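*Asks:* Got chain A; can you put chain B on it based on the hints?
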Amino acid sequence: MDNTLFKQYQQLLKREKRYVRVYQLIILLLFFGGWELLSRLEWIDRLIFSSPTHVWHTFIEKVSDGSLTLHVSVTLMETVIGFLAGTLLGTLIAIVLWWSPLLSKVLDPYLVILNAMPKVALGPILIVALGPGYFSIIAMGALISIIITTIVVYTAFKGVDPNYSKVLQTFGATRWQIFREVILPASFPTIISTLKVNVGLSWVGVIVGEFLVASKGLGYLIIYGFQVFNFNLVLMSLLIIAFFATIMYQVVELVEKTIIKNNG
Amino acid sequence: MEFLQLENIHHSYFSSTQAKEVLRDISLAIHEGEFVSFIGPSGCGKTTLLSIIAGLFPATEGNVYIDGEKLSANNQSSIGYMLQQDYLFPWKTIEENVTIGLKIMEKSHKTHKVTANALLQEVGLPHVGNNYPRELSGGMRQRVALARTLAVNPKILLLDEPFSALDYQSKLKLEDLVVETLKTYKKTAILVTHDIGEAIAMSERVVLFSANPGTVHKVFEIPKALSELSPFDVRQHPAYADIFQTIWKELESLG
Numbered sequence: 001m002d003n004t005l006f007k008q009y010q011q012l013l014k015r016e017k018r019y020v021r022v023y024q025l026i027i028l029l030l031f032f033g034g035w036e037l038l039s040r041l042e043w044i045d046r047l048i049f050s051s052p053t054h055v056w057h058t059f060i061e062k063v064s065d066g067s068l069t070l071h072v073s074v075t076l077m078e079t080v081i082g083f084l085a086g087t088l089l090g091t092l093i094a095i096v097l098w099w100s101p102l103l104s105k106v107l108d109p110y111l112v113i114l115n116a117m118p119k120v121a122l123g124p125i126l127i128v129a130l131g132p133g134y135f136s137i138i139a140m141g142a143l144i145s146i147i148i149t150t151i152v153v154y155t156a157f158k159g160v161d162p163n164y165s166k167v168l169q170t171f172g173a174t175r176w177q178i179f180r181e182v183i184l185p186a187s188f189p190t191i192i193s194t195l196k197v198n199v200g201l202s203w204v205g206v207i208v209g210e211f212l213v214a215s216k217g218l219g220y221l222i223i224y225g226f227q228v229f230n231f232n233l234v235l236m237s238l239l240i241i242a243f244f245a246t247i248m249y250q251v252v253e254l255v256e257k258t259i260i261k262n263n264g
Numbered sequence: 001m002e003f004l005q006l007e008n009i010h011h012s013y014f015s016s017t018q019a020k021e022v023l024r025d026i027s028l029a030i031h032e033g034e035f036v037s038f039i040g041p042s043g044c045g046k047t048t049l050l051s052i053i054a055g056l057f058p059a060t061e062g063n064v065y066i067d068g069e070k071l072s073a074n075n076q077s078s079i080g081y082m083l084q085q086d087y088l089f090p091w092k093t094i095e096e097n098v099t100i101g102l103k104i105m106e107k108s109h110k111t112h113k114v115t116a117n118a119l120l121q122e123v124g125l126p127h128v129g130n131n132y133p134r135e136l137s138g139g140m141r142q143r144v145a146l147a148r149t150l151a152v153n154p155k156i157l158l159l160d161e162p163f164s165a166l167d168y169q170s171k172l173k174l175e176d177l178v179v180e181t182l183k184t185y186k187k188t189a190i191l192v193t194h195d196i197g198e199a200i201a202m203s204e205r206v207v208l209f210s211a212n213p214g215t216v217h218k219v220f221e222i223p224k225a226l227s228e229l230s231p232f233d234v235r236q237h238p239a240y241a242d243i244f245q246t247i248w249k250e251l252e253s254l255g
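Same order as they appear, the protein sequences are chains A and B.
Residue numbers for the first sequence follow our numbering, so the first one is 1 and each next one is one higher.
Residue numbers for the second sequence follow our numbering, so the first one is 1 and each next one is one higher.
If we strip away everything but chain A, and leave its shape as in the complex, we get (with noise of 0.2 Å):
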């Protein structure tokens, strides 16, 4: 009896899953299909929001001329270099606020004063002082998520309950040993939850960046794209730059799963 209930709420589940799957299919469908049926009836203006089969046409054309692989791997290397710089960074300098508290208290308010400022406004400053080149649009996507890095993980640091520490304390354990032990270990989830976050913001710090200075690059090809009036071009970015968001993404809660599995 037990048994064959267990079965039939097995196949429940995996029913809802099939369903939930075949709408996620519909929308998808639903969105590429009037977006073309839009465009070939000329209900929206087919210059400016193309359509479907004209960007995959385009997509063709760049990919088999080389040109795509090239500006996709100009602006991936770009995004995954800020992206693990910003985080880095951010954490070290959390590292540095934890270990001494003077400093944190006399660095709060610019902490707060840099958090607040919208950072892609100091991308005229960085193509000055760095130069432009991938070296200033990696900074910048590095820049714009490094403070809200430090600000969250130095808070996680600051959370972990003291009766932790108070525990390896009574074994002597150095500040160095209760910071490898306990509160770095405590502190996972929220910094890989920070990650999540950064993927999304190293994205933004990129793009803007190469809008501002590149002449290669997914941000490029929009921007170029704009000023010929190729929305074709633009779209056809956009629709990358979703795809490898994604993925970036995807990656990064692959790894959430393996490091906290044994953290809950």
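The hints are simulated quantities; they were obtained by calculation from the structure and are not laboratory data.
Some hints could be false.
Derived EDC-like pairs: lysine to aspartate or glutamate, alpha-carbon spacing no greater than 20 Å straight-line [stated by the list, open to error]:
hint : chain 1 : residue 1 : chain 2 : residue 2
1    : B       : K186      : B       : E2
2    : B       : K183      : B       : E221
3    : B       : K224      : B       : E252
4    : B       : K155      : B       : E122
5    : B       : K92       : B       : E106
6    : B       : K171      : B       : E161
7    : B       : K92       : A       : D161
8    : A       : K166      : B       : E96
9    : A       : K257      : B       : E135
10   : B       : K92       : A       : D65
11   : A       : K216      : A       : D65
12   : B       : K186      : B       : E96
13   : B       : K183      : B       : E2
14   : A       : K196      : A       : D108
15   : B       : K173      : B       : E221
16   : A       : K166      : B       : E106
17   : A       : K166      : B       : E161
18   : B       : K155      : B       : E180
Residues of chain B clear of chain A, computed beta-carbon distances all greater than 12 Å [claimed, not checked]:
hint : residue
19   : E21
20   : Q85
21   : H127
22   : M140
Beta-carbon label-pair distances, calculated as ranges [to be verified]:
hint : chain 1 : residue 1 : chain 2 : residue 2 : range
23   : A       : D108      : B       : N63       : 33 to 43 Å
24   : A       : P189      : B       : A225      : 45 to 55 Å
25   : B       : H237      : A       : Y9        : 31 to 41 Å
26   : B       : M105      : A       : V106      : 32 to 42 Å
27   : A       : Y110      : B       : Y13       : 30 to 40 Å
28   : B       : Q245      : A       : P189      : 44 to 54 Å
29   : A       : Q11       : B       : N130      : 34 to 44 Å
Since this is a predicted model, take the numbers as computed values, not measurements.
Even for Gly, the Cβ is constructed at its ideal location relative to N, Cα and C.
*Replies:* The following block gives chain B in isolation, referenced to the frame of chain A:
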């Protein structure tokens, strides 16, 4: 000199608005292998005194001597401290949790596994070394915490209400286990508790503190006939109720 000697301990907490005196002129002597309980109304500074003995921070005035040696910041004697909750590290296995103290003190790694297994056996949890804390019940976790405390072979065990978060049945079982284990290893122990019954059942002496500021109000000797029994049997002993009444009245008189 006794094994643990407290000499004229004063302690005050300072905040930006006030200085609060929490302990005044505490002098106590505890001999080796003795089990002593601290009880008293909340705010009597029991936990503060325990932290001072543990060397977590120094007293504003006064000295602590353990085994003839003066306790100071750079001379931390080996102390075992058990808290109200187990505070096992959820990201470490039970075995890693038990041996964390040894790891901190940088003793040789080879012996860790053996020590962990022997101690887990001792506290009645022989097969959980590779499990994670979340897979264990509250009582089991507190037993692992006991094993972790014993792993570094401390001179003195400080127990800060270690049974207060447990259900009654687990609490009674763990009381028996702790007393039995401490007797086997001949450890000196101080228990801080709110529970008069627990203090009588487990210890040889009960120190009653009065509050604001904390001072030693009275010391009760538990008759040998009782302190030789296991905590569970003490609670069934005819003399138990009388001692309970005496301490209860004294505690009531403090208001």
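*Asks:* For the pair we were handed, K173 (chain B) and E221 (chain B), check the Cα-Cα distance against 20 Å.
*Replies:* violated, 24 Å
*Asks:* Take the C-beta atom of Y110 (chain A) and the C-beta atom of Y13 (chain B), compute their distance, and say whether it sits inside 30 to 40 Å.
*Replies:* holds, 32 Å
*Asks:* Measure nothing beyond the straight line between the CA atoms of K183 (chain B) and E221 (chain B); if it is 20 Å or shorter, mark the hint as holding.
*Replies:* holds, 18 Å
*Asks:* Would the pair K92 (chain B) and D65 (chain A) pass a check requiring their Cα atoms to be no farther apart than 20 Å?
*Replies:* Violated - the C-alpha atoms of D65 (chain A) and K92 (chain B) are around 54 Å apart, more than 20 Å.
*Asks:* Take a quick look at H127 (chain B) and tell me if its Cβ sits farther than 12 Å from every Cβ on chain A, holds or violated.
*Replies:* holds, 19 Å
*Asks:* Compare the distance between the alpha carbons of K224 (chain B) and E252 (chain B) with 20 Å, and conclude whether the hinted pair is satisfied.
*Replies:* Cα-Cα ~26 Å, so violated.
*Asks:* When you check the alpha-carbon spacing of K196 (chain A) and D108 (chain A), does it fall within 20 Å?
*Replies:* violated, 25 Å
*Asks:* Find the nearest Cβ of chain A to the Cβ of E21 (chain B) and say whether that gap is larger than 12 Å.
*Replies:* Per Cβ check, E21 (chain B) is outside 12 Å of chain A; nearest 23 Å; holds.
*Asks:* Given the hint of 31 to 41 Å, is the C-beta distance from H237 (chain B) to Y9 (chain A) inside that range or not?
*Replies:* violated, 54 Å
*Asks:* Next pair to validate is K257 (chain A) with E135 (chain B); report whether the Cα-Cα distance is within 20 Å.
*Replies:* holds, 19 Å
*Asks:* Taking 20 Å as the top limit, are the C-alpha atoms of K155 (chain B) and E180 (chain B) close enough?
*Replies:* It holds: about 17 Å lies between the C-alpha atoms, which stays within 20 Å.
*Asks:* Say whether it holds or is violated: M140 (chain B) keeps its Cβ farther than 12 Å from all Cβ of chain A.
*Replies:* Check passes; 17 Å lies beyond 12 Å.
Figure legend: structure checked against the earlier numbered hints; hints not met, in rising order: 3, 10, 12, 14, 15, 20, 25.
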